[in-house]
Amino acid sequence: MVRSRSGRLLALAAAALFLGACSVIGIPDSPLNALDPKGPFARRIDDLFWPVFWVAVVVFVLVEGGFLLAAVLFRDRPGRKEPRQIHGNTRLEIIWTVIPIVILASIAVPTFKGVFELTECGQNSYPVEVIGHQWWFEYRYPEAGVQTANVMVIPAGREVCASMTSDDVIHNFWVPALNGKRYLVPGQTTLLRLQADEPGLYQGQCAEFCGLSHALMKAQVRAVTEDEFQTWLTAQLEPALQPAEGSPAAEGLTVFQNRCTQCHTATPFSSVGLENFYGPNLTHFMDRGVIAGAYKDYSRENLAAWLANPPGEKPGSYMPDLKLTQQEIDALIAFLETLQ
Amino acid sequence: MSESTAPPEDEEVAHHDEHESTGVENRKLGMWVFLSSEFLFFGALITNYLLYFGREFEQGPTPSEIYDIPFTSVSSFVLLMSSLTMVLAHNALTRRDQGATRTWLLATAMLGSVFLAGQVFEFTEFIVEYDMTLSTNPAASSFYVLTGFHGTHVAIGVIMLLSLFGLSKRLGGLSERQHLNLELVGLYWHFVDIIWIVIFTVVYLLTATSGG
Amino acid sequence: MTTAAERAATIFRRPAPEKGIWSWITTVDHKRIGVMYGYSAFIFFIIGGLEALLLRIHLSQAESNFLTAAEYNGLFTTHGVTMVFLVIMPMGAAFMNYLLPLMIGARDVAFPRLNALSYWIFLFGGLFLYSGILFSGMAAPIGVEGVSGNLDPSDITRLGALPDGGWFFYQPNASRDFSPGTAVDFAALGLQILGIASLISAVNFIVTIFNLRAKGMRLLRMPVFIWMSLVVAFLLLFSLPIIAIALFMVTFDRQFGTLFFDATGGGDPILWQHLFWLFGHPEVYILILPAMGIVSEILPVFSRKPLFGYAAVVFAGAGIGFLGFGVWAHHMFASGITPAAQAGFGIATMTIAVPTGVKIFNWLGTMWLGRIRLAPPMLFAIGFLAMFTIGGLSGVTHSIVPSDWQQTDTYYIVGHFHYVLFGGAIFGIFGGLYYWFPKFAGRMLNERLGKIHFWLWFIGFNMTFAPMHWLGFQGMIRRTWRYHPSLEFWNQIVSIGAFIIALGLVVFIFNWVRSRRHGPIAGMDPWDARTLEWSIPNPTPVHNFSTVPTVHGLDEFWHRKYGEDDEGRPVRKDDADSYVARLGEEGNDPAVPIHLPNPTYFPFLMAAGLPLIGYGIIFHTSAVGKALIAIGVLLSLSALMGWATEPLEEGHHGPVEAH
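Residue numbers (the working numbering), protein chains in the order written: chain Y, 457 to 796; chain X, 810 to 1021; chain A, 231 to 889.
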């Protein structure tokens, strides 16, 4: 064991550094990484955070170092004298009251500004409505009359103003790469500014506990070029095509009309009034690439598992176990695959 | 170096020169402390009502549309008078007039009960005449819960008053030790009255939109 | 001697047991009440810890089926409720109950029977809360437009019936429509009952501190632990009414159809959050201040120096308490409140960092230039300082409001509050357990085992909660039954750390149990301490002080043992050892008979009525429910009547003869 005081301090410091290094090396890069901004608002937040973080690191080193130092330097040893009974020091009290105030004041000013500038939507922002349901996100485009779900398509490089509410309980909309999160409150409207610099797929999640399948309520934002966006909007307004006579898809359409039209709109086959209970609009189902509240990527296996037993996949699911036969499921999948 | 002292009695002031104290007897200080907490209890309820008061609801009516101010003024006056009789009861006990104490205690309890009867009548009117229940709208919920809790506090006060009355009757009068108890009940009663003054002013008078 | 008339006023014979379970049920001795609080809280700590271990086993895999979603959601909710309301709060109460009179030179608290009532209400409240698991069944949400969710039969389990929604039960998720069944009602009513217990304690402690101090103990001569207890009592006094109202509103919404938080009826779900956090933020200061007080007592003793900046620490503590009422909406930055509100609360939150920093620096100043003994109490105290500082710094990052929009509802927050509540409050509490164990048991806890416990906890704790900070920034949300596979490695590290913590606790339990019977005898003043509670024998005699001391300044007991030389260094007085020995003899053998309040069972009975009322409210639609309400009310009222007509003291109870 190291005996000298400085030697022990060095060992401790080395250990701390090693542990710190481990932590940095091991940081995974998850799809919901909040430290990798891909849009101006997330970047602004990032810019606010890092300076404060480094100030905190300095304070951490000084204060923790102080404790460590004290515990080592002033440790009782044979022959040590009794310590002078110091009761305090007014000047020190003032110093260590004023310095934190100064540091905090310098943090407060940009924070203050940031809050205001990051909350109000910009003049030329594109409006999208987000409605939270247990356990999926609905997106509406009021200027175009589009209603869709699970994937929010936005024009890259342009600000989108999401005005948000919920149909049932409080949810949260969070796409870390683009901005912080904001609640979706039933009976109220909240706003969130979103903007992606480049086209791409940005992952998100509901972050406010909203019931049994809270962990499985995901969001996706797909940023596309301005042209692609206009094309997409137009396509969304097109009704689905009638499947060919006698095809498996036609068989699936029959199943759909018998079992699914109570809750799912799929123009022109069904239309559920918005004042009733409804599930995601399926007219352009295949456009999304994800299913069931964006919690699973689209694949035949995933879709089959979902259709076979929704509550088994997503506990509490409002879509019941319809007790579909394997044949019905296969037919339905064939039909759903035609909903481009 | 140190003195010998008897243990501190929580209802006696005799030894308070032996330790650092506020000079207010333990139970009286305790009642004041408790009542300060109750101020926040009713404060939260009143704030609640005010938050919902201005909003529009699908289902009506809201309480402020159907208040009967003249009627509530009368029952408020009754409650106010009960504070007066409470003071008289305390006064009587200070003069060692046990009979008068009992009379005024009973009077306070009865006035409190009249107030409560008035509340019951008012609630019944609202429910039967105007179809305003707990579930009509949040303003109605707030109103009933606020005044309901106040009424419960009044009822507890009436029970305490009647207990003192009964005790005095059975034992031929209240002892020196019971002095403090009467004072404590008095404090509680005045508090309940003050809260009602705030409720009547803020909840009834200031928010009433109907003529009464 | 009791007169016939006095006896007539009591309906049943007055109990006077000195031993056995009845002596505990009828006790009004603050020390025994403190011990009961302590053991009850400790058992709940083990339960809450087991809940955490179940969660961590589940979370060691990204897509685990170890727990169903309902079980997971119920367990994290119950874990939070347990740790906050059934562990940290009653642990604080345990210390305050045991130590308050001892530190201020009193024989008991101002209202001994009320004190007992607090404990029994707490215990019945906690049991009532947990009993919900027996009566609640699982049910899918009823949802909107009358369409309900569906449950797979394999998901319907007993454990899945635990209340979910997190310890703050946000509305409307915790409303009747979305959390049908009785689970949430048990939680809400249980918390309501627990709140009554704390409120009564608060009144008791305030009156005790203001009215029962020994002669010469002016307010600014009180130990810091007493000051922190006073601030906590005021925080309880003013925050509990608000949560009581909020819980009534939730219960009424669920049971009687009011519309407080029902958005479809015009109610405001955000109102619940305001009300909850108006209580909830002062609550977290209620959780941490007792530990800060404990640390303020331990550091001077084990540095052999007075607390640096006593007045600053006291006023900073009071300041934190006061400011704590002004920051509640920092839990709601992402909820849609206006930017002005967010900015205001952000700045208010930053302000609290100032007095907190003042305390930390003063604690450092206490250690600096001291003569430090790294016994277990000191290790835990230093651990508190180190961990709490980290938690405080992450707290400052939360006050950067836009950044909080990224941080909130993620594991970054979970990391923060565990650093301050576990690394802070729990470490401080355990430091206190090691420090004051001799007072309670008359023996010492084993030092070597104590050090092993500390290091297991230090390592395990940091392994468990440090990674949560970056897990949060990598997008791991809170309350999540499943998470992204890329985060699995660090979740496994976290889970391993949790088991190391469990191991440390096992070491502690072993140490405690063994030392109760076989630990070295403590004797008088084993730590060479500074405050009055050490001037009486160990274990504490039932009457506390044979003679109540007169106080001439801060650290009265220290100054009776030590003078100071020219350099200001302490010099032990020549007669100090004999003085302390004499205190030991006199302490066990009072010269005059001392009357103590008699035991009574009315507090126990009165408390027992409350859970009955609770069950009645939950089942109020049935005849049994209505009957239970009536029985509960009757029981509590009659116990109250009996209590009110029973004198505090009858005959002799307490040390009359020489022992």
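Keep in mind that the hints are not guaranteed to be accurate.
Here are the simulated lysine-lysine pairs, DSS-like style, with alpha carbons at most 27 Å apart [claimed, not checked]:
1. A:Lys681 <-> A:Lys445
2. X:Lys837 <-> A:Lys249
3. Y:Lys537 <-> A:Lys445
4. Y:Lys752 <-> Y:Lys494
5. X:Lys837 <-> X:Lys978
6. Y:Lys569 <-> Y:Lys494
7. Y:Lys537 <-> A:Lys803
8. Y:Lys779 <-> Y:Lys752
Derived by calculation from the structure, the hints in this document are not laboratory data.
Hint check, failures only: As far as the earlier hints go, 1, 2, 3 are violated by this structure, in ascending order.
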